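S.K.: Each chain, written out:
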Amino acid sequence: MPWRWPESMNKKEAFIKTINFKQVFPVPHVTRFTIEAEEKYREYKGGKFDPVKETGTYAVFSQTNSGWEEVKPGFFSDYFGVIWNKTKDRTLGIVEKSPIHSPSLKKFKFPRTEFLPVYQYQQNNNLDYPDHFHILSIGFALFERAWSLVGMENLMTWMLIEPEFVHDLLDEIAEYNINLIHQSKSIGGIDCVRFGDDWAGQYSLLIGKDLWLEFIKPRLHNMCRAAKIHDLFVAQHCCGKVDELIPEMIDVGIDLFDPFQPDVMNVFDVFNMYYGKISFMGGLSIQETMPYGTPEDVEQKSIELISKLGMRGGFIFSPSHALTQDIPAVNIEKMIDIVKHQQMYMEKKYGKGYII
Amino acid sequence: MDDLLKKIAYCVEFGKINLQSPYPPDMKGQQGADELTKEALDKGIDAEDILQKGLVIGMEKVGIKFRENKIFVPQVLMSAKAMNTAISHLKPYFQSGSVKRKGTFVIGTVAGDLHDIGKNLVAMMVEGNGWEVIDLGTDVNSQRFVEELKNHPGSYVGLSALLTTTMINMEEIVKEVKASIPETKVLIGGAPVSEDFKMKIGADFYSADPQGAVEYLNAMAMA
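Note that the protein sequences, when read in sequence, are chains A and B.
Take 1 as the starting number for the first sequence in this note's numbering and just add one per residue.
Take 1001 as the starting number for the second sequence in this note's numbering and just add one per residue.
In isolation and in its complexed conformation, chain A is listed as follows (with noise of 0.2 Å):
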């Protein structure tokens, strides 16, 4: 029987129905990429390459991690006053410096949300974008804001040790958060809050489920709270395998799960065990298929993530984080070929008048 798609929509509308788990088709799709990627994707494209046209993507990310100051070549310092290093890796970097030594927070003053560069990006991309759905991206959002502030291993230790400092501390950065949620909205334009913090390696959780429980859900309740009032879609990014706290992120109101690694939960498991209950984007590994597969193999991938989930409805098509270098080029310009003539893919593989 075929599969009819009657509606036309914007990208903000599919993207929104996409997540109220109503079948949208083309499934909405979102490409990012790593700095080093992007220049290296622009390359082999000849030197042009606008990523949000070119990708054809559905949502257009507003970054509170930019516009930091350059303390000196690839050192940069965020609101926060930590120093980051980016001389490997520009896109994230790594923590060089943090600058709270001593589980006590007399001496450090958390920075103001009033006058962000986020709030200008959210600005222009409506006027360039103002048919897609933007997400305000709050990166390093509560964990990893703690241990930037005050070292992984202190931030671990201290858990267990100095509880009450840790508890405090996470107060005060989900209260930062919300005062920016609120600021944030009040300039506008903005359909969604996404929390970015990786709270799992490969394996299993950093911190384990308890002391998640103690120490960071009640804060990322408080957060997703601050969005909702504004009527705000709410996504939570977290690489690694997490899947043993997606209950919890159903509970606290999370919307949206991202990146859906399939290299660390069964995606379709996952996905049906879960369903009409939160929605998922990512999917597509990074980590496998991007980087060692060949294109055959992306648009295998693609496809049965398509249209085993894409075309129920609450699944957003993604690779499962942003691009990175050592993808090669062929296997971008698959994907994105795929992306964007999703019904010839689909008839290719499933017969002419699969869908109309």
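A hint or two may mislead.
Which bits of chain A does chain B cover? Going by a derived footprint, with three or more residues having C-beta under 8 Å, they are [unchecked claim]:
id: 1; segment: 82-90
id: 2; segment: 156-162
id: 3; segment: 198-207
id: 4; segment: 281-291
id: 5; segment: 317-330
30 Å max Cα-Cα, derived DSSO-like pairs, lysine-lysine [stated by the list, open to error]:
id: 6; chain 1: B; residue 1: Lys1102; chain 2: B; residue 2: Lys1198
id: 7; chain 1: A; residue 1: Lys348; chain 2: A; residue 2: Lys53
id: 8; chain 1: B; residue 1: Lys1200; chain 2: A; residue 2: Lys301
id: 9; chain 1: B; residue 1: Lys1198; chain 2: B; residue 2: Lys1061
id: 10; chain 1: A; residue 1: Lys72; chain 2: A; residue 2: Lys107
id: 11; chain 1: A; residue 1: Lys88; chain 2: B; residue 2: Lys1200
id: 12; chain 1: B; residue 1: Lys1200; chain 2: B; residue 2: Lys1175
id: 13; chain 1: A; residue 1: Lys301; chain 2: B; residue 2: Lys1198
id: 14; chain 1: B; residue 1: Lys1028; chain 2: B; residue 2: Lys1061
id: 15; chain 1: B; residue 1: Lys1150; chain 2: A; residue 2: Lys88
id: 16; chain 1: A; residue 1: Lys88; chain 2: B; residue 2: Lys1175
id: 17; chain 1: B; residue 1: Lys1028; chain 2: A; residue 2: Lys106
id: 18; chain 1: A; residue 1: Lys209; chain 2: B; residue 2: Lys1061
id: 19; chain 1: A; residue 1: Lys12; chain 2: A; residue 2: Lys301
id: 20; chain 1: A; residue 1: Lys217; chain 2: B; residue 2: Lys1028
id: 21; chain 1: A; residue 1: Lys308; chain 2: A; residue 2: Lys352
id: 22; chain 1: A; residue 1: Lys12; chain 2: A; residue 2: Lys185
id: 23; chain 1: B; residue 1: Lys1198; chain 2: A; residue 2: Lys241
id: 24; chain 1: A; residue 1: Lys88; chain 2: B; residue 2: Lys1198
id: 25; chain 1: A; residue 1: Lys241; chain 2: B; residue 2: Lys1061
id: 26; chain 1: B; residue 1: Lys1065; chain 2: B; residue 2: Lys1038
id: 27; chain 1: A; residue 1: Lys45; chain 2: A; residue 2: Lys340
id: 28; chain 1: B; residue 1: Lys1091; chain 2: B; residue 2: Lys1038
id: 29; chain 1: B; residue 1: Lys1185; chain 2: B; residue 2: Lys1091
id: 30; chain 1: B; residue 1: Lys1185; chain 2: A; residue 2: Lys88
id: 31; chain 1: B; residue 1: Lys1065; chain 2: A; residue 2: Lys241
id: 32; chain 1: A; residue 1: Lys17; chain 2: A; residue 2: Lys185
id: 33; chain 1: A; residue 1: Lys209; chain 2: A; residue 2: Lys97
id: 34; chain 1: A; residue 1: Lys217; chain 2: B; residue 2: Lys1065
id: 35; chain 1: A; residue 1: Lys40; chain 2: B; residue 2: Lys1175
id: 36; chain 1: B; residue 1: Lys1178; chain 2: B; residue 2: Lys1102
id: 37; chain 1: B; residue 1: Lys1175; chain 2: A; residue 2: Lys86
In case anyone wonders, no lab produced these hints; they're calculated from the structure.
If you're wondering where the values come from, they're calculated on a predicted model, not measured in any experiment.
Ideal Cβ placement from N, Cα and C applies to all residues, glycine included.
Got chain A; can you put chain B on it based on the hints?
M.R.: Below, chain B alone, put in the same frame as chain A:
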């Protein structure tokens, strides 16, 4: 003697550093690895026994519980702190040669990669299991590994990488290490690393968790 060593092992397993430490809550006010190790030495217990029957036993349990997701990074860090406190009392015995380590393990995060939490966890577990660990840090190139291996003949090598973009540098390091000192065994690990990748680059062992590395090294030391 056995009772004291069991207590030291217990302190390492549960991360009880010293008397002042409030962790774990159910051991508050009790002596930790620090005091108990000093007491053991004062009572004339052989440092080798403290290491093998106390610290190693405790750390082995930590490694197994971590592998089974019964404990997580914070608890492992507390155990490592307890172990390091105890080891600081044993340092003179290592230096004098009266306590023998199982071998030497040279570890580093590979060139281009600055991430260190996974590498640090492996280093802690291996050290806690009676090995000398030489941690070269992050962004380590093949030349540096070879140099260190020449300074410590017979060492094993551990390579860590978090990213697909940097794990490819493992291949060059394995190649260079094997070209310079062919008998060197190279262990690899990290989020995107796999058994297939190990085969592809000619490394000797891959483990998804630190305890796997410990078990491999211990087996090699026994062989």
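S.K.: For the pair we were handed, A/Lys217 and B/Lys1065, check the Cα-Cα distance against 30 Å.
M.R.: holds, 25 Å
S.K.: When you check the alpha-carbon spacing of B/Lys1102 and B/Lys1198, does it fall within 30 Å?
M.R.: Holds: B/Lys1102 and B/Lys1198 sit about 25 Å apart, inside 30 Å.
S.K.: Starting from B/Lys1150, check that the Cα of A/Lys88 is at most 30 Å away, please.
M.R.: holds, 28 Å
S.K.: Cut-off 8 Å, C-beta pairs, minimum 3 residues; does the coverage of the segment 198-207 of chain A by chain B stand?
M.R.: holds (count 7)
S.K.: Starting from B/Lys1065, check that the Cα of A/Lys241 is at most 30 Å away, please.
M.R.: The hint holds at about 18 Å.
S.K.: For the segment 317-330 of chain A, does the count of residues with a C-beta closer than 8 Å to a C-beta of chain B reach 3?
M.R.: holds (count 3)
S.K.: Quickly compare the C-alpha distance for A/Lys301 and B/Lys1198 to 30 Å and report which way the hint goes.
M.R.: It holds: about 24 Å lies between the C-alpha atoms, which stays within 30 Å.
S.K.: With a cut-off of 30 Å on the C-alpha distance, tell me whether A/Lys308 and A/Lys352 pass.
M.R.: holds, 18 Å
S.K.: Hinted pair, alpha-carbon criterion (30 Å max): A/Lys209, A/Lys97. Please report holds or violated.
M.R.: holds, 28 Å
S.K.: Is the listed coverage of the segment 156-162 of chain A by chain B valid when you require three or more residues with a beta carbon under 8 Å from a beta carbon of that chain?
M.R.: holds (count 5)
S.K.: Holds or violated: A/Lys348 with A/Lys53, Cα cutoff 30 Å?
M.R.: With a Cα-Cα distance of about 25 Å, the restraint between A/Lys348 and A/Lys53 holds, given a limit of 30 Å.
S.K.: Given the hint that B/Lys1185 pairs with A/Lys88, test it: the Cα-Cα distance must not exceed 30 Å.
M.R.: holds, 28 Å
Checked against the numbered hints given earlier, the structure satisfies every one of them.
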